[in-house]
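Q: Between the sequences and the hints, there should be enough to build the whole structure, so can you do that?
In case you want the letters, here they are:
2 protein chains.
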Amino acid sequence: MTAEIITIGDEILIGQTIDTNSAFIAKEFNKIGLSINRISSIMDRELDILNTLNSSIDNSDIVIVTGGLGPTNDDITKKTIVKFFDDTLVTNQVVLDNIKFIWKKYIKQPLLQVNIDQSLVPSKSHVFVNTKGSAPGLWLKKNNTIFVFLPGVPFEMKELIKNSVIPKILNEFNLPYIIHKTILTYGMGESSIAEIIKDWEKSLPNDISFAYLPSLGRVKLRLSTKGNDLQKITNNINLYTSKLIPLIEDIFVGYEEGESIEKLIANKLTSNNLTISFAESFTGGKISDTLVSVTGASSFFKGSLVCYSTASKVNNLNVDKDLIDKYSVVSKEVVESMALNVKKMFNSDYSLATTGNAGPTKGDSNKEIGTVYIGLATPEKVFSFEFNFGNSRERVTGKSVNKSLELILKELLKN
Amino acid sequence: MTAEIITIGDEILIGQTIDTNSAFIAKEFNKIGLSINRISSIMDRELDILNTLNSSIDNSDIVIVTGGLGPTNDDITKKTIVKFFDDTLVTNQVVLDNIKFIWKKYIKQPLLQVNIDQSLVPSKSHVFVNTKGSAPGLWLKKNNTIFVFLPGVPFEMKELIKNSVIPKILNEFNLPYIIHKTILTYGMGESSIAEIIKDWEKSLPNDISFAYLPSLGRVKLRLSTKGNDLQKITNNINLYTSKLIPLIEDIFVGYEEGESIEKLIANKLTSNNLTISFAESFTGGKISDTLVSVTGASSFFKGSLVCYSTASKVNNLNVDKDLIDKYSVVSKEVVESMALNVKKMFNSDYSLATTGNAGPTKGDSNKEIGTVYIGLATPEKVFSFEFNFGNSRERVTGKSVNKSLELILKELLKN
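Heads up: the sequence lines are chains A and B, in that order. The opening position of the first sequence corresponds to residue 99 in our numbering, with each subsequent residue numbered one higher. The opening position of the second sequence corresponds to residue 99 in our numbering, with each subsequent residue numbered one higher.
Take the hints with a grain of salt, since some may be wrong.
[Unchecked claim] Straight-line distance between alpha carbons at most 27 Å, and here's what the computed DSS-like set of lysine-lysine pairs gives:
no.	chain 1	residue 1	chain 2	residue 2
1	B	442	A	442
2	B	318	A	202
3	A	366	B	460
4	B	230	B	260
5	A	296	B	203
6	A	296	B	206
7	A	181	B	296
8	A	300	B	177
It is worth saying that the hints were derived from the structure and are not from the lab. Predicted model, so just to flag it, every value in this text is computed and none were measured.
A: As structure tokens, then:
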């Protein structure tokens, strides 16, 4: 069984919108044993849509198409479906009732004819009611290929994939299992890792594929496999993972599956009844925001001060003005004072502080652009690290957030 | 002239990585008058790569391919290129010198054979040296189609697109102009907007296309056109835009081109010498982070307190404990007190505060999940709004950030 995804929308082709729908669908499909072989993004243009749908018949068993189902004139997917399947549109009463309900309860504006027309569906389609919006999901078959059309609004698409599309696929097909195991490493480049583990990599059986994913100072290592015997493939992946870990002990921080680094930090803090706080300068709240994204953060996250300017470091965080004048605002001395003071301010067990010149121009410090200090205060001590993360503001910030999370986790793992 | 993008990498097809490269390339290409007709993501598999490259020969004049050029075994693009172009690999001395330089200056680890091998390039290719990494860009021609191969690391790809690929395209081809004008609206659904502007939409000439882009409580309206006479198409777009704005005056907040809402806020604050601060509860630093992303934020952004827990609202922001007990932590009274106190704390002219039940479970308040209060303090007064943004945590947070920015801008535009 092979699947592919087609996203329809000019906004993707002109770079106005990043296609996040495909990654979501691919992930959910992998969980049920369906591999995605191709993702295509095309324009809201009849000929492009028809050509792409036609080429999918030979390529895939299941084709998920998102986008172009809205009520406005620029959306032409439904008209095009009718041509492709040689079908006509008919009113679906359940969809119409759902639209009326949504308009009455949430939209609270007059129901227009274009909204009512959203209940028109191809007569041959199996319909999935969309409880979050007006465009229903449509399941149609041509030759031996199944086509599923879904609205492009991520919120609505996700709901339909999880609660309607996947249950129907599982009901109709017998699928294998796909397993990915991703290992998080920090602090070494991909070619150096490859050199260290080359014998291990050569020993991998054919049914396990292996990939390196480098990004902003960390490399993810991914093992993937597929098979009908879940127990067997799980054991196999675990066996080769257990042989890999000792080779990369120094750079290994954990696994990705459902366990982002922020989640690993959260687990460690929660299980040890520890709390943390942040003083963020150029990272502007990004570290806090990353940690708050973990459910239940209020039990370990005491709060943060975003102190972007030198003035707020002095006035709101009580960093000594003399210290700043003597060492500059981007310095070991200042970041350690920030970490200590924010820990006291929020009465937390741990704290982390950032200060740096993220560019594009130098701020209140003469340190080279890209210079970053990260300070960490623990119940026992305070210490800090200096980095240079280059001259791209976005990259300096991204790398600093990753490095901060890495430093916290490493510190927590010591206990 | 038509172009397409192919991204190679299993990580995209299994949903582990979101393809952000394509949006960047599409945007840059639109700026020079090149439309993207198709974006495809495929696996690191020889047959898939060869088939997709073959199908591009008929479809496109320029094909940008990213990914699969790394030094490790999972990357097979270069081997496959050699087959596709019936070519051989030769050492490129300039690329080799560049790799040696990078290793000496930045990597500071031994240069391995796999790193040296990155200087092997197809003999027929025009080579773009990658100053940020080891994989060079490659420009090759088959029949009448140009193929450009670039590393998938966003940082390296962006540099090569801007400084090497686009200059060469501009040098070899005479391209038309593409203009997009995107209007930002807040507070009305797409079908209601369509109803209000339907006569205007009908009056649009064939060479202007129009699209609605709804997302998290705002709708973007986009006019697009293409032509050889820049002055003429610019005038045409401006003419129809000026006819549209009066029809949507109540919901219009500005234009998108280079002017995100945070930039509009930054401009307004800077030009009036005003400052702002935030007290963020469930938004966790996201509003601060959005504003800090604007260059020069230190001149108007005084700082933020991320006070996620009830305790930090009391201890760090001095919100009256009795107020919380009486009205609950998610209330008009508390959010207004937060706004007033954070304004005082940072001595800013304006401030904004958030508190809410973002879900998935109720926190320290019994208010329904999705309930959000946003408070705004100006030099003269304090006021707040209550919203319900549904039951998805991610969506509640996203909508709240958007709504907060909208409220700030609206308030600033009053002066």
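Q: Which numbered hints are broken by the structure, listed smallest first?
A: none
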